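Asker: Let the hints inform the model, and build the full structure from the sequences given.
Heads up: the protein sequence lines correspond to chains A and B, in order.
Each number in our numbering comes from the position in the first sequence (counting from 1) with 2 added on.
Each number in our numbering comes from the position in the second sequence (counting from 1) with 76 added on.
Derived from the structure by calculation, the hints contain no laboratory data.
Remember, it's a predicted structure, so these values are computed and weren't measured experimentally.
Treat the hints loosely; a few may be bogus.
[What the hints assert, rightly or not] Taking lysine-lysine pairs in the DSBU-like style, the calculated list, with each CA pair at most 30 Å apart, reads: (1) 172/B - 237/A; (2) 399/A - 78/B; (3) 131/A - 143/A; (4) 143/A - 62/A; (5) 83/B - 131/A; (6) 178/B - 131/A; (7) 246/A - 165/B; (8) 83/B - 531/A; (9) 123/B - 291/A; (10) 59/A - 531/A; (11) 92/B - 531/A; (12) 92/B - 62/A; (13) 131/A - 123/B; (14) 78/B - 143/A; (15) 165/B - 291/A; (16) 400/A - 92/B; (17) 92/B - 131/A; (18) 123/B - 178/B; (19) 178/B - 62/A; (20) 131/A - 86/B; (21) 92/B - 291/A; (22) 123/B - 531/A; (23) 131/A - 531/A; (24) 400/A - 413/A; (25) 172/B - 291/A; (26) 86/B - 172/B.
[Said to hold, decoys possible] Quick look at which bits of chain A chain B covers, simulated, 3 or more residues with Cβ under 8 Å: (27) 519-533; (28) 536-544.
Cβ coordinates follow ideal geometry from the N, Cα and C atoms, glycine included.
One letter stands for each residue in the lines below.
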Amino acid sequence: MNRSFLFIILSSIVLFASGTIEGAIEKQDLNISAIMMFILFVGATLGITYWAARKTKSPKDFYTAGGGITGFQNGMAIAGDYMSAASFLGISGLVYMKGYDGLIYSIGFLVGWPIILFMIAEPLRNLGKYSFADVASYRLKQTPIRSLAATGSIATVILYLIAQMVGSGKLIQLLFGLEYEIAVILVGVLMILYVTFGGMLATTWVQIIKAFLLLSGATFMAFAVMNNYDFSFEKLFSHATEIKGIEIMSPGGLVSDPISAISLAVALMFGTAGLPHILMRFFTVSDAKEARKSVFYATGFIGYFYILTFIIGFGAIVMVFENPEYVDYASQAISGGSPIIGGNNMAAIHLSHAVGGDFFLGFISAVAFATILAVVSGLTLAGASAISHDLYSSVIKKGNADPKVEMRVSKIATVALGIVAIIMGIMFENQNIAFVVGLAFAIAASANFPILILSMYWQRLTTRGAVIGGSLGLATAVTLVVLGPIVWVQILGNAEAIFPYKYPALFSVTVSFLGIYFFSITDNSLRAKEEQEAFEMQFIRSQTGIGAEGASEH
Amino acid sequence: MKNEYIKTIKNDPNYKELLQRRRRLTLGLSLSMLVVYFSFILSIAFKPSLLGTPIFSDSVITYGIAVGIFVILFAFILTGIYTYIANKKFDALTQKIQNNVKGM
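Answerer: What follows is the structure, given as C-alpha cells:
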C-alpha cells in the first residue's frame, strides 16, 4: 500500500512539472472545439509576439521586457510561469485519487513564496540586471562564479524542459489526437517563435494570458461543482467519502518518514527560490517595490489556484469516478477497478466535460496547451540568458560584448535550446523521467540557492567558498539522485538503493552550505579580503536600491 | 569618495532604522512561516491521526482540511503583511536615505 503510494507520489512529482500521463496512451479522436480554441490562442499569442518583436530592440528589452512590467502583471506572469499544466492536472489527479494528500503536496509548492519575498525578491531586483548570476557575481570573481551559476541554470532549465516536453507530447497526443512527435515539434517551434522574436515581452504576455485562462477555467469548474452541493463543503465531502471512503479526508502515506518529509520540504522551498526562470522574472519590474508586489500577487494567485484544484479533485471524485462515460474499459478488463481514460491525471479534464460539455472540454484542453507553452517559453528564455549574458557576454567577452551581437547570441541560444528540447522530448518519450524534475529542484536548491542567498547576506563569502561549496552541492545532488531509489533501482534495475531517500535536498543543501562556509572562512587570499570589503557597498545597494538598474522609458 | 559615501549612509539614522525594522520583520515572518509549515509536515509524519480527526462529531471535515487551507491563507497573509509594512514604512525611509546622499 505504502509502496504503491510512494510510486504514485513519484509520478506526480514529474507530473507536477511535466504533465506526463501515466500508463498506455491511446491517441484520441480529433477534438474539434479544442482545436478551434487552440488555434485562437496561438493566433492571439503570435499577434502579441509580432507586437513585442517591434518593441524588442536591445538586450534589456529581450531579457527584461524593458523593465517596465507592473507588479500586478508580473505577479500574474509568475503565477503563469509556476502553475504548469502538470500542477493543474497532477494535483487535481492526486486529490482525485488520494483526497487530502493532494493538499499536503500543493502546500509544499506554495510555502517557498513568502520566503522568496522576505529574503530574495528585493535585494535580487536591486543588485541584478538580467540574471541571478549578476547578483551572485556582484563582488566575486566574474568568470568562475558566472560559469558555475550558468551551469546550474542551464542544468535546471534543460532537466525541466525535458520533463515539460515529454509531458506535453503525451498530453497533446491525448487531448488533440496529434502524433507524439508532431506535438513535441509543435510546442518546440511555437516556443522558439515566441522567445526569439518577442523575447521577455511576448513571454510575459503569454504567461499572463495563460494564467488568466487557467484561473478562469478552474474557477468555473470549482464553481460548477460547488453549485451542485449548494456551496456546502460538508455536502460535497460527505458525498465523496460515500464513494471513496472516509480515509480521503485524512493524511495518507505522503510523508511517512520524517527525513523524507523534511528533505522534500527543503527541496520545494529552496528549490523554488533557486529556479532561474522564476528569479529572472524579478528583473522585468522597475524597482524593489514592484518586485515585492509581484510576489504578493503571485502568492495570492497560486494559493487560490491550489484551493481550486482541491475542489476540482473532489469534484472529479463525485462526478467522474465510476461514471460510465469516462471509465477506461480496456484497462478495466485487464486490471479491474474503475480506471478513467488517460489515467488519474485526466480527472480534471474529464470533470471539465462533465460540468461543461464538449465546448468546455475544448476550452480546458486549449488552456492546458497554453500552459505548457507559457512554461517552456519562460524556461528557454532563462536558459538563453544564461548562455548569452553570463557565458558569452561576461565570461567570454569579459563584459565588453557588443549589445547587438549579444542579442544575436541569445537568439541563436534560444533556437538551439528549442532544438535540444525537441530532440530530448522525442528521445525520452518512453523513458522513465520520474527523477528529472526532482533533480532540477535539487540542483536549484543545492547549487543556485545557497550561492545566491549567501552572496546577498553573508559578508565573509569569497569566490573560493562559493565555487567549491556550490560545486560540491551540485555534485552531491546529482550523485544522490543517481544512487537513490528512482534511478538506481527503477531505472538501472539494481535490487537496493545505495542512498535510501528519494529527495537528496536535505543532504546536498547542507553539503553546499557547509562547503561554502568552510572554504570561505579559510580563504586568506588578498582577493578574498577585497571581496569581503566590497560587501558593505553591495549591502547598501541591496537594501536601499541606490545605484540599482533603473526602469525603462517605455 | 566611495568610503565617504558608505560612511554617510552607514551613519544615517534612517538607514539604521531601515535595517533594524526590516531585519525584525523578515526574521519574524520567515520564522512564522517555517514554524507553521514544519509543524504541519512533522505532525503528518509523526502523528497523522491528529489531523484526521473531524472538527465536529457529525462532520466529515477534518482538522487536516481546516489546517491545510489555513496554511495556504497564512502564507498569503504573511506576504500581505510584509508588502503593506514595506510599502508604508520602508519605502519612505529608503527615500530619505537616497535624498541624503544625492549629489555625492
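Asker: Checked against the structure, which of the hints given earlier come out wrong?
Answerer: 1, 7, 9, 10, 12, 13, 16, 18, 22, 27
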